[in-house]
Each structure stands twice: as C-alpha cells, then as structure tokens.
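Build the full structure now, drawing on both the sequences and the hints.
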Amino acid sequence: MKLFTDLAGELGNILATLAAAVPFILGYVLLILLLLIIWTAVKRGLTTRRDFGSLKTVTFGDESAVNSNFAASVISVVLIFVLWGAFTGSKMLPGFLHAPGAYTGEGSFTYTATAPDGSADDATVSVIVHAVGQEVDAPGSAPGDGFAKNDGMVVAAYRSELMSWDENDEITRDDGAVITAVDGQPIAEGDPVSVGFGEVSLTRRGTLNVTPATGWQMEPIWLPPPEDVWSRLMEISTDGFRNSTLAEHLGYSLFRVIVGFVIGAMVGIPLGYAMGLSDWFRGWFDPIVEFMRPVPPLALIPLVIIWAGIGEEGKIILLFLAALWIMAIGARSGVSGVRISKVHAAYSLGASKWQIMRHVIIPNSLPEIFTAARVAMGVCWGTVVAAELVAADKGAGMMIMTASKFQNTDIVIMGIILIGVIGFGIDMLMRQAEKWLVPWKGKG
Amino acid sequence: MRFDLPNGSSVQALKDVSLELKQGELMSVLGPSGCGKTTLLNILAGFLAPTEGQTRMNGHVVNGPAAERGMVFQQGALFEWMSVRDNVSFGPRMAGQKSAQYKQTVDHLLDVVGLQDFKEKAIYELSGGMQQRVALARCLANDPDVILMDEPLGALDALTREKMQGLVLKLWKETGKTIILITHSVEEALLLGERLIVMAPRPGRIHKEYSLPFADLGVGADLREVKKHPEFNERREEILSMIWDMEEEIMGRQEAS
Numbered sequence: 001m002k003l004f005t006d007l008a009g010e011l012g013n014i015l016a017t018l019a020a021a022v023p024f025i026l027g028y029v030l031l032i033l034l035l036l037i038i039w040t041a042v043k044r045g046l047t048t049r050r051d052f053g054s055l056k057t058v059t060f061g062d063e064s065a066v067n068s069n070f071a072a073s074v075i076s077v078v079l080i081f082v083l084w085g086a087f088t089g090s091k092m093l094p095g096f097l098h099a100p101g102a103y104t105g106e107g108s109f110t111y112t113a114t115a116p117d118g119s120a121d122d123a124t125v126s127v128i129v130h131a132v133g134q135e136v137d138a139p140g141s142a143p144g145d146g147f148a149k150n151d152g153m154v155v156a157a158y159r160s161e162l163m164s165w166d167e168n169d170e171i172t173r174d175d176g177a178v179i180t181a182v183d184g185q186p187i188a189e190g191d192p193v194s195v196g197f198g199e200v201s202l203t204r205r206g207t208l209n210v211t212p213a214t215g216w217q218m219e220p221i222w223l224p225p226p227e228d229v230w231s232r233l234m235e236i237s238t239d240g241f242r243n244s245t246l247a248e249h250l251g252y253s254l255f256r257v258i259v260g261f262v263i264g265a266m267v268g269i270p271l272g273y274a275m276g277l278s279d280w281f282r283g284w285f286d287p288i289v290e291f292m293r294p295v296p297p298l299a300l301i302p303l304v305i306i307w308a309g310i311g312e313e314g315k316i317i318l319l320f321l322a323a324l325w326i327m328a329i330g331a332r333s334g335v336s337g338v339r340i341s342k343v344h345a346a347y348s349l350g351a352s353k354w355q356i357m358r359h360v361i362i363p364n365s366l367p368e369i370f371t372a373a374r375v376a377m378g379v380c381w382g383t384v385v386a387a388e389l390v391a392a393d394k395g396a397g398m399m400i401m402t403a404s405k406f407q408n409t410d411i412v413i414m415g416i417i418l419i420g421v422i423g424f425g426i427d428m429l430m431r432q433a434e435k436w437l438v439p440w441k442g443k444g
Numbered sequence: 445m446r447f448d449l450p451n452g453s454s455v456q457a458l459k460d461v462s463l464e465l466k467q468g469e470l471m472s473v474l475g476p477s478g479c480g481k482t483t484l485l486n487i488l489a490g491f492l493a494p495t496e497g498q499t500r501m502n503g504h505v506v507n508g509p510a511a512e513r514g515m516v517f518q519q520g521a522l523f524e525w526m527s528v529r530d531n532v533s534f535g536p537r538m539a540g541q542k543s544a545q546y547k548q549t550v551d552h553l554l555d556v557v558g559l560q561d562f563k564e565k566a567i568y569e570l571s572g573g574m575q576q577r578v579a580l581a582r583c584l585a586n587d588p589d590v591i592l593m594d595e596p597l598g599a600l601d602a603l604t605r606e607k608m609q610g611l612v613l614k615l616w617k618e619t620g621k622t623i624i625l626i627t628h629s630v631e632e633a634l635l636l637g638e639r640l641i642v643m644a645p646r647p648g649r650i651h652k653e654y655s656l657p658f659a660d661l662g663v664g665a666d667l668r669e670v671k672k673h674p675e676f677n678e679r680r681e682e683i684l685s686m687i688w689d690m691e692e693e694i695m696g697r698q699e700a701s
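Taken in order, these protein sequences are the chains called A and B. Just so you know, our numbering puts the end of the first sequence at 444, numbered straight through with nothing missing. Just so you know, our numbering puts the end of the second sequence at 701, numbered straight through with nothing missing.
Treat the hints with care, since some could be wrong.
What the hints assert, rightly or not - In silico DMTMM-like cross-links for lysine to aspartate or glutamate, where the CA-CA straight-line distance does not exceed 25 Å:
(1) Lys441(A) <-> Glu564(B)
(2) Lys441(A) <-> Glu569(B)
(3) Lys441(A) <-> Asp530(B)
(4) Lys542(B) <-> Glu512(B)
Honestly, the hints are just simulated from the structure, not real lab data.
Next up, the structure:
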C-alpha cells in the first residue's frame, strides 16, 4: 500500500510541475500560431503559384496535402537559438531581445535597528552585486550617526550573502539589538522585504540575508550562451579534451558503432535468413530472439563490463548485441515478405534453390534489411553514448560525462549537439544509401 | 486432391479431374470461386503434390516445378530489382546461357509484346498492362512447352484487358504453345479457349466441357466483332446461368449449415 501512496505523491509532484509549465507551453503555441498567421499573410502577398497542391480546397484531413513547411522549419530552429540567446544574455543578439538579466552593479538599503531600551536608529548598507568569478572590494562608507553604523558588502549575482549588520554598531545583537524594518517596511523572519536590487530577509539568528534579483536569464553554469559553446568547440577541436583530440573522441565512438553494427549485421542477416527459410531454425532461435529483443542494450552494460571489462571489446560486444536482434528480425521479415508468386515464377523459369536465394530472396529482402539497418544504427549510436557515459576513456559520451563532473556545462551542451548532429548524419547517409541501392523500395 | 485442416476434418478440393491436352491446344478454365481452379493449376505446375492421381507430361510424371511449364501470374510476380530486359532474360540466364545466345530472342520478344522502347526501364516505371506483357515475354523467353496462366489479365482495366486478350491469341498462334488459362471472366474464357472447361465446386470437378471456334476467329481479328457472333452470346448466357446456379447453391448451403 505504501508503494501506491508514494507513487500517488510522486504523481502529484509531477502534475504540479506540469501545471507550472502550462503557461510557457501555451505561450509557445501562441507564438507558433502568430508566426503562422504572419507567414500566411506574407505568402498571400507574394505568390500566385497555382500548382496542384495549392488548388486543393480540402487540405484539412488530406494527408497528401500536408508537407513539411520549410519556412516553419527554419523559423523553428532560428527561434530555438533566439530563445537560447535571449535567456542566456548572448552577445549575438541585440540587447533589447535579452530577457531581464540578473542584477549587477551598486545598490543600497537601509535597516532600522531597535535597541532594548526602545530607541531606534537607521543605517544604510551599500551593496555591490558583481558577476560570478569577479573579485570586488566591499564599498567603504562613512559610519554615520546614531548607534547603528553604515555598512558595505559585495554579493555575486545568482548568489546570496549574509550581512552581519551589527559588527560595527554600538549596540549589537549580543546587547539585544534587533532589526525591525528594512527600507522603512517592517521585517520579520520568513517575511522578506523587497529592495531596489533584490530581496532582504531576516534569518533566525537576526542577521540579514541579501539576495540580488536573478532576473529571467540562466546562469552560465546551467545554460551557457551559444557563443560560449561555439568557442568551446573551437578550443576543444584544436586543443583536445582530456588528452585526446575531438576527432579522437568522436572517431572512437563512430568506430565502435560501425564495427559493432557490421559484426551484428554479418551474424544477424544470415540468422534472419535461416529463420525465414527453415522451420527448424525459426523454432530454435525464436525464443532466444524474442526474449533478447525487448531487453534494452543499456540493461546489458553492467554484465558486459563484468564479463569483458571496460575496454573496446566490451563496448563492441554491447553494440553487436544491440544490432544483432534488429538485423535478424529485419532479415527474417524480409524473407517472409517475398511474394510466393515471385518464388513460384522463378522456379517455373527453371531457377535452382541457390539461384532463387541469390536472385529473388536476397534482393527482395533488401528494403527490409535497410529499414532494419537504419533502426540498428540509431540504436547503436544511442547505446555507444550511454556505454561511454558509464565507463570509457575516449568517446563522445565520456566527454560529456567528464565535463558534467567539472560543471563544464558548455562542453556538455557541445557534446549533446555533436551527438545529435552525428546521429542525424548517420540516418541521412543510410537514407541516401537506401535510395541508391534499393530504388524499387515500396514500389512492388 | 484432399487437404487436411487443422481441426481434423479435411476438404476435398478436387475430385476425379481427368484431362488430356494436345500439343498447341488453348484451354480456358472457368468456375465459381472455391471450385479448385487455382489448386488444379498449382498441381499442373508442380507446386502442389496431389493426394491421388498424377500429372504426366511428354511421357514423364510431374513432381515439381520445371522450366518446361511456364507460369504467368496475375500480378506482382516480376522482379522489381531487375530491368525489363533482365526480367525477360531470367530463364535463359538461370540456365547458364551467355548473353549472346539469348539477346536476340529477348529483343524479338520485347518487340512482339510492344515494349521495344522500354527494354532498359525498371519494372516499377511500367503500367499494369505493360508489366503483364513483360510477364508474358519472360515466360516465352524460357521456351516452355506449356504455359499456365493464373488470371493473367485479372488486375487490368477493361480496355487494356481487351488489347491483352488479342496479344495472348496472337502469341498462341505464332508460337504454337499449349496454354491453360484460368479466369473469372466468362467472356475471356470464351474468347481465349478453343476448349473451355467449366468447373463446379465441393468437390472441385469438371462440370461441362465446350469446344469453341472463337479463339480461332479472334486471331488477328477485332475481338469486338467476334463477340457479336450469335453463338457467342448464346454460350455466354448459358455459362453465366450455370455458374450463377452454382453460386446460389453454395450460398444456400452455407446458410443452411
């Protein structure tokens, strides 16, 4: 029963987070629709083309009338970079597009200290808020009148700092002085007061906690601006990362994928053919393949590391297993997909079994094998990155994992982008190869 | 011919079918669906082994598919990964002939079926009618003694179909092949059958046999003229009502059971 209450609690948290995200999602959708309206208006003004598609009156529900709109794709990608830049204060964007940033610069507030005898005195605190990593001296200031003396302090943006206001005062906390107001507004523990540059709250021990406003921009440690990621890419591609060049990291990952995939295909395709052509082989391997197929390769990583260590063999065994079942099932369904009339026709034209294999079954199964190969390459690429996250001394996954340990978020994002670009490139190459090698696909 | 079903019962697909064909005969087989036409053709081709009886050809027993019996299927039996020419030359190539040996035959056949301009095209670039012409040429290139056709024109539109019927007749006369043609269309069976067999279902058997003049009349002539022949209409009505009765009977039996 505890499980269910726990899970219900977790579900509640998730729904609360989701609810908090709803306004942003709605805003994004509205932005998409707004741009659609603008685009439609622009297009109406521009084009007078009357091709077959544009003359269709029924497009809603006509799947063939829905093509990917190139302009929408371009705007969508540009918008991602604009949002990224806007919320990280990128220098590539003009300043007016930036989301409000964290407060930096000078500010001040006054506090009212009340002595045990009931007398009160005001003092001013001068604050300098500086960017993270900068060294700034505390501002000096004249002590002023009364028992409470003026103070100076520095705070880094996105951080907060405790202010021991009474260190220089004539009546200190030990003497019983307490703060009753900040900037003239009464303050109590758990009831912060907003000052010009941020927020001041009272701690349980009577000190002040100063938190400058963070604005809407992300701190670089969470999300660096695009140009930082770019310059990090340039730096790593010339200087390397962790004793290996960028080409070595990516090359090792690709090498593992290609070798694992090729071995998997070399074993899986004949296995699939055997399963498609012989009921004995199908009966023999069906339980094994059907059991191993739903096991995600990632779940095998611990076992593979125990058995084969963290060297190249282990990773290639893992990728081999990732590709093997997909290729076997693809080849099997390719063989099963041969129309019996083609086989009959070939037999009645005098072909032998071997000739049927060579001229009918293999070419007929190629489209299916290509589809399987595309899926397998995708899975292998995902698996190699995950395997490198666990244990590797070279590779794209290792790069982002190590970088994350040192909070080098720019390297993490660079790695993610490179992994995505390479995965996309692999798929494009496979599609191109498919077009070249099996032009008859889907046209039987 | 009897099939055992998974539930333990069995179906008598064909019973007491006895046929003898002479060299160069053109026979069409007609019947309601489920009368065993395709089973019969599969046995003749050697794709099925009969439970009783045997098929003999040129004095030997048929026990599997062979190049002496060519097949033309309804659709989708061409090899999409080969060009038109490679499809047609498939038989000779499998027999190990050199390109010089078969090139002339293949070119000639492609001319005969009217595909002289499409020799190097891919199969998927051709229309349905052209594809069936490739299938005919592919079968003829292998020079079989008998050609078995399983509704070869079934998937074509009416106009293309009529043209193709003329082509089949022309090829039959020119090559002198023995042809067995299975069809659903009564008109096609009348036009493309010197000999016409009407089959009846459950069990599949020969119901009636005709000897017809239309195939000879139709060679090189306008098929629409042949259809105006008074006997043509008479035969068509006769066979249609025969098949109609059989279909009614099947439906009735299914409702009763």
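### Message
Check the structure against each numbered hint from earlier and tell me which ones fail, lowest number first.
### Response
none
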